[in-house]
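Enquirer: We have chain E; now place chain C onto it with these hints.
Residue numbers (the numbering used here), protein chains in the order written: chain E, 4 to 315; chain C, 1050 to 1492.
Careful, some of the hints might be misleading.
[Unchecked claim] Part of the chain E face toward chain C, derived, beta carbon under 8 angstroms:
| no. | residue |
| --- | --- |
| 1 | I56 |
| 2 | G87 |
| 3 | L88 |
| 4 | Y89 |
| 5 | K90 |
| 6 | N244 |
[Said to hold, decoys possible] No farther apart than 30 angstroms at their CA atoms in a straight line, the calculated lysine-lysine pairs in the BS3-like style are these:
| no. | chain 1 | residue 1 | chain 2 | residue 2 |
| --- | --- | --- | --- | --- |
| 7 | E | K130 | E | K117 |
| 8 | C | K1067 | E | K130 |
| 9 | E | K90 | C | K1478 |
| 10 | E | K130 | C | K1266 |
| 11 | E | K11 | E | K182 |
| 12 | E | K19 | C | K1486 |
| 13 | C | K1067 | E | K91 |
| 14 | E | K212 | C | K1482 |
[Unchecked claim] Non-contacting residues of chain C with respect to chain E, defined by C-beta distances greater than 12 angstroms in every case (computed):
| no. | residue |
| --- | --- |
| 15 | D1132 |
| 16 | T1204 |
| 17 | A1225 |
| 18 | N1255 |
| 19 | L1270 |
Note that these hints are calculated values from the structure, not bench results. Even glycine gets a Cβ: it sits at the ideal position worked out from N, Cα and C.
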Amino acid sequence: MSNIIEVKGVSKAYDKHVALDNVSLSIPQGAVFGLLGPNGAGKTSLIRIINQITAPDSGVVLFNNSQLNPDHTASIGYLPEERGLYKKMEVGEQALYLAQLKGMSRAEAMKRLKFWFEKFEITSWWKKKIEELSKGMQQKVQFIVTVVHEPTLLILDEPFTGFDPINANLIKDELLEMKAKGVTIALSTHRMESVEELCTHIALINKSKKLLEGPVGEIRRSFRSNMYEFEYEGNNIGLANSLWGDFELISNEPNGDYMKASVRMKGEANTNALLQGLINNLTIHSFREVLPNMNDIFIQTVTEKQEPISHE
Amino acid sequence: MNKILLILQREYLTRVKKKSFIVMTLLGPILMAAVAMAPILIAKYSNDVTNTILVVDEHPNIFVTKLPGSESVVFVNTTTTLDSAKKNFDPEKYYGILYVPSDIMKNPGGIMLFTEKQANITVTSYIENVFEKQIEEDKLKSEGIDKKTLESIKTRVDLKTLTLKGEENSAALATAVGFIAGILIYMFIILYGVQVMRGVIEEKTNRIVEVIISSVKPFQLMMGKIIGIALVGLTQFLLWVILTLTLTTVTSSLLVDKKMEAKVVAQQMKTSGVDQASLQELGAAQEVKADAMSKFFDQLGSINFGLIITCFFIYFLGGYLLYSSLFAAVGAAVDNETETQQFMLPVTIPLILAFIVAQTVVQNPDSQLAFWFSMIPLTSPVVMMVRIAFGVPAWELALSIGLLILGFIFTTWLAGKIYRTGILLYGKKVTYKELAKWLFYKN
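With the rest of the complex left out, here is chain E (with noise of 0.2 angstroms):
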């Protein structure tokens, strides 16, 4: 898979402030690339790079191979943190304007904004001032200057912060349509919930420095921490027979009809070994691997200080 986005070594600082210390990361074509960090990690500064509002102090930013140039700009899409529009100005109008300003002619954004104004069914509002929508509104309008110019690249900065969660559900569904005919989609969020949904591809910066970059499920894999969940039927003493040395019982309590524990392996052990030991002693309903949320991760992550790992 090639890269849409290789960032090289950039560093960027304001004042005594190191917003970026020589990050390097690389956004596959076609993914939903999470970039996660708590608040004032360095993603507002890396994705304000990415569109061209800043320039790094050093390293650079391939766009398709290329370096970034203002070209690019109507190839991108940007949702801010800070959002809004003009207040005074009509939706149509503004609409157009902010597309035009992205390179379409006033004829093919007058035609794709059509579109967007009848999928949304929001034709109504043309003429209308923003300030006269509800939030809500806005942010529909929001959305759609964000996509009209169909961008190959989508850059969210914290959508899910400020939209309601109508809002919030409609986005979800156009970013996965938009996956699906191929845009690649970069999001910020410090909310990891929205990641395991959506994203394909993350990377963790902390403190301005990248920690962690791959694949969600190699990450996932690779912080697996040989834990295993299996649901029974029988008693403690049978669950207390079949564990020896090697595993080590972290929890064990009523789980509707059944009883649930987990427990994690030391050692050599291999998951048949342990099956071998329960099934002669309990009646068994399932049994899998837990693998480590996004959740967990980032906090012992970010909490590990660890050094720099790379999955590619």
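Expert: Coordinates of chain C only, in the frame set by chain E:
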């Protein structure tokens, strides 16, 4: 370039379509026309009351019969005594009683006016005027001096001022033209500079700025805005000139009919003591009037309006570009308009200074002070405009314009640096020290 054009177009159209713009564009000329028309209206409606004065004349030759009346004062003679006139005074019919003593020629101070209320100044000054003239004339006659002889002795000197090339000019006219041009530039810079600042703050508080600068460079956005608003200013100015001219011509042709004009001329002649009967003199007076008019136009022609108008546009645009970029930087550095105070002051001080200096430059347009302030780009748009009406050497003009161009290139460069950092910064109180640091940030 295409994108600057788009931005410029938006800035221009949204402003020109605004109600406030339309209202101001229409109201401006009406106000100006009102100011221009005021003297004519006042002349038309203020003198419509006729004050009839009852005169008790004790002079043997009934002095008052020689006196002319006027629009506002009419004399009516009575033969009764002063006391009975006072007793039978009818305030409905008469404004007052004028007492002329028998020895008025020797004792002009003996003349008295009795009125019910405080006598108004139009009446008293008119009476004083006609009596003075009549007594003077009578005295001349008794001394054996002919009035015509006296007229020929009276001398009036009008200093004609000419340039060495022989063009007639007028210091008063140059002062007026120069000063008006200077004030206009000052007004326009402040008015539209502040609009630029407001526009920048609007984009910042609306949070739309980041969306826009992901499509265009901050500098393009700033320049598009500045040029767009400059065009709004020029449009408004042009509309004002056209509307004021039409309005003034239309209303003045409606108000001032031929009859009124004749009346005004007649009254002027009456008050200046010209004998109405003498047609010759009337003709002469008209000639004098026509002469004065053509002289005025000659002087008007001596002022190089082509140069003034050209320079007006150069200095308006130069000064506006210089200041509006600074205003844009101020707008970018703050979060809302109330915070602009601390940064506005250093921007407006040179402008105000220029305005103050302009007032002394009018009196002495070639002083050292005038020269230097018309060279410094921050003050030259106002000060040089004042000087141009008096004539400025070409090299000074060229140098001043050159410096102004360098000046606005410098301020736009400076403002661009502050602008691109400021517009992305929210919720932070900015200090001057910080502004200075922004200048050195990379892109």
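Enquirer: Run every hint past the structure and note whether it holds.
Expert: We went through each hint and held it up to the structure:
1. For I56/E, the suggested interface contact is upheld, since its CB lies about 5 angstroms from the closest CB of chain C, less than 8 angstroms.
2. Here the hint on G87/E is kept, as its CB sits about 3 angstroms from the closest CB of chain C, short of 8 angstroms.
3. For L88/E, the interface hint holds, since its Cβ comes within 8 angstroms of a Cβ in chain C; the closest pair sits about 5 angstroms apart.
4. A least Cβ separation of about 6 angstroms between Y89/E and chain C falls short of the 8 angstroms threshold, and the interface hint therefore holds.
5. Contact between K90/E and chain C, as hinted, is supported at the beta carbon level, the nearest pair being about 6 angstroms apart and thus within 8 angstroms.
6. Interface hint status for N244/E: violated, as the beta-carbon distance to the closest one in chain C is roughly 63 angstroms, over 8 angstroms.
7. Among the hinted pairs, K130/E with K117/E is consistent with the structure: their alpha-carbon atoms are about 13 angstroms apart, no more than 30 angstroms.
8. Proposed proximity of K1067/C and K130/E is supported: the alpha carbons are some 16 angstroms apart, at most 30 angstroms.
9. Pair hint K90/E plus K1478/C holds up; C-alpha atoms about 25 angstroms apart against a cutoff of 30 angstroms.
10. With a C-alpha separation of about 29 angstroms, the suggested pair K130/E and K1266/C falls inside the 30 angstroms cut-off, and the hint holds.
11. Taking the CA atoms of K11/E and K182/E, the gap is about 25 angstroms. The hint holds against a cut of 30 angstroms.
12. Among the hinted pairs, K19/E with K1486/C is consistent with the structure: their alpha-carbon atoms are about 11 angstroms apart, no more than 30 angstroms.
13. With a CA separation close to 10 angstroms, the supplied pair K1067/C and K91/E stays within the 30 angstroms bound.
14. In summary, the hint linking K212/E to K1482/C is supported, as the alpha carbons are separated by about 29 angstroms, within the 30 angstroms threshold.
15. The beta carbon of D1132/C sits about 79 angstroms from the closest Cβ of chain E, which is more than 12 angstroms, so the claim that it is off the interface holds.
16. Non-interface status of T1204/C relative to chain E is upheld: no Cβ of that chain comes within 12 angstroms, the nearest being about 68 angstroms off.
17. For A1225/C, the non-interface assignment is confirmed: its Cβ lies about 41 angstroms from the closest Cβ of chain E, beyond the 12 angstroms cut-off.
18. Non-interface status of N1255/C relative to chain E is broken: a Cβ of that chain comes within 12 angstroms, the nearest being about 4 angstroms off.
19. Here L1270/C does not stay apart from chain E, with its beta-carbon only about 9 angstroms from theirs, under the 12 angstroms limit.
Hint compliance for this structure: hints 6, 18 and 19 are broken, all remaining hints hold.
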